[in-house]
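Peer 1: So you can see what is in the structure, the chains are spelled out below.
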Amino acid sequence: MAYSPSRPTENSWTVSELTRYIQELFNIDYRLQDVRVEGEVSNFTRARSGHLYFTMKDAAAQLRCVMWRSAAERLFLELGEGDAIIARGRVSVYEKQGAYQLYVEQVTPAGRGNLALAFEELKRRLEQEGLFASEAKKDIPRFPRKIGIVTSSDAAALRDILNVLKRRCPLVSVLIAPTLVQGSEAPAQIVRALRWIDGRDDIDVIIMARGGGSIEDLWAFNTEEVARAVFEATHPIICGVGHETDFTIADFVADVRAPTPSAAAEVSVPDGTELRAYLSGLQEQLLVCIDRWITDRYGRVEALERNLRHLGPLMRINNSAQHVDTLLNRLDNAMSRRLERLHGRLDLAQTRLATVGPQATLRRGYAIVRKKDGSIVRHVAQAGAGKLLSVRVSDGEFVVTVVADGHMS
Amino acid sequence: MNSELDGMRFEDALAELEQIVARLETGDLTLEESLDLFERGQLLSDYCNGQLNSATLRVEQLTEHGEIVEIET
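Heads up: the sequence lines are chains A and B, in that order.
With the first sequence counted from 1, adding 63 to any position gets you this note's numbering.
With the second sequence counted from 1, adding 3 to any position gets you this note's numbering.
In case anyone wonders, no lab produced these hints; they're calculated from the structure.
A quick note: this is a predicted structure, and the numbers were derived from the prediction, not measured.
Which residues of chain B face chain A? A few of them, derived with a C-beta cut under 7 Å, are:
id : residue
1  : Glu-28
2  : Leu-60
3  : Leu-65
Label pairs and their in silico Cβ distance ranges:
id : chain 1 : residue 1 : chain 2 : residue 2 : range
4  : B       : Glu-7     : A       : Arg-339   : 19 to 25 Å
5  : A       : Arg-258   : B       : Met-11    : 27 to 33 Å
6  : A       : Ser-277   : B       : Glu-70    : 31 to 37 Å
7  : A       : Arg-109   : B       : Thr-66    : 37 to 43 Å
8  : A       : Ala-219   : B       : Asn-56    : 28 to 34 Å
Don't be surprised by glycine CBs; every beta carbon is placed ideally from N, CA and C.
Turn these sequences into a full structure, and let the hints steer you where they fit.
Peer 2: Encoded structure:
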């Protein structure tokens with residue numbers, strides 16, 4: 064100790080001297096240059112300058128604290144009365160007030176270190192049990208009729224979800240099961256809301272949502288009871304908690320993890336515009352198909368018609384007519400020739416007849432003699448004396464009287 | 004208008020419409036069958052469009068007293 068009072072003879076220190084001495088004691092202790100202190104916040108004040116003044120205490124002691132504005136601006140949570148925190152900084156002496164203080168650089172909620180550990184431990188344990196397994200995850204329905212939402216009823220997350228649903232697919236309806244989403248009572252409420260909505264048979268999918276926040280704010284979704292309730296649910300669950308970079312245990316267990324509540328809503332329903340376009344496409348396909356059917360069938364009918372004209376009855380009738388004509392022709396020819404032949408034979412017969420007929424004989428000088436009754440005289444006995452007989456010669460006939468009976472030769 | 008489809012799930016109507024189009028595409032149907040399918044397809048298509056166009060988001064919420072009430076959005 065190099066210090067000594069300036070008035071050695073009186074062996075007394077000035078206040079400043081003593082204070083400075085004490086300060087030196089603090090300054091040369093390296094451990095006090097960077098300490099972490101756990102305690103409860105009280106007498107909290109924010110000065111207009113932006114500097115924070117408060118006291119940290121526990122059951123037996125108190126510690127004055129100051130946090131300069133520059134450090135205070137880096138705080139990610141509000142410091143409030145009664146908060147259990149871990150403050151990190153340097154302990155030194157504020158001479159003016161004769162007090163030692165913690166000059167705070169950084170504040171984290173007490174148990175934060177515990178929180179991270181608890182998170183990792185629970186995550187590991189549940190993963191081993193198989194709660195995160197992709198085989199266990201259910202598919203979300205393509206066209207849900209009703210969506211169940213587990214969320215805080217007065218938070219932006221719900222409004223965001225409803226806006227997305229209204230825009231994207233107002234065809235669905237929504238049933239909200241309100242719940243606290245942070246704080247110590249949140250896990251039990253979330254589980255109750257989840258079980259209630261999962262028990263309903265009119266909903267097809269569940270969205271569990273919460274807006275962004277610190278790990279402490281989101282902590283309910285890192286609890287084992289919520290994780291198990293999500294796993295045991297019979298309906299598929301879309302988890303949209305926090306911001307894009309927040310991963311809670313519920314996210315790992317859920318059937319689908321969405322980065323935000325809005326994203327969860329987008330994932331849960333099909334896009335109405337896409338649907339309309341798809342429907343139009345189907346409608347057009349209907350028309351194209353029926354059109355194609357008709358064209359195809361019509362083409363076939365035409366082809367058949369052509370074939371028919373070649374092989375059909377009309378053709379056969381025409382063919383027959385021609386056949387008949389041919390036949391008639393042949394008949395004609397045949398008839399003519401027969402007639403000719405007949406004529407020929409007739410002529411021949413006539414000629415022969417003429418040759419063997421009585422006329423030639425008569426011309427040779429023979430005569431035909433007949434009695435009065437017309438019968439031909441062939442015998443002498445028929446021509447008695449005094450009988451009148453007609454005599455026919457080649458060019459006519461005359462009558463004679465028989466002068467004397469004839470005699471046979 | 005489409006009283007015979009009343010209450011039909013949008014999803015089911017769409018699925019049936021898809022099936023009808025698939026059948027019509029095969030082309031080996033009689034004229035009667037094709038026309039029947041075509042008409043049914045039109046009916047379903049109109050129904051689906053109607054559902055899409057007339058939809059407004061219905062929102063219900065569980066109250067503290069355990070009732071379900073419709074809320075305005």
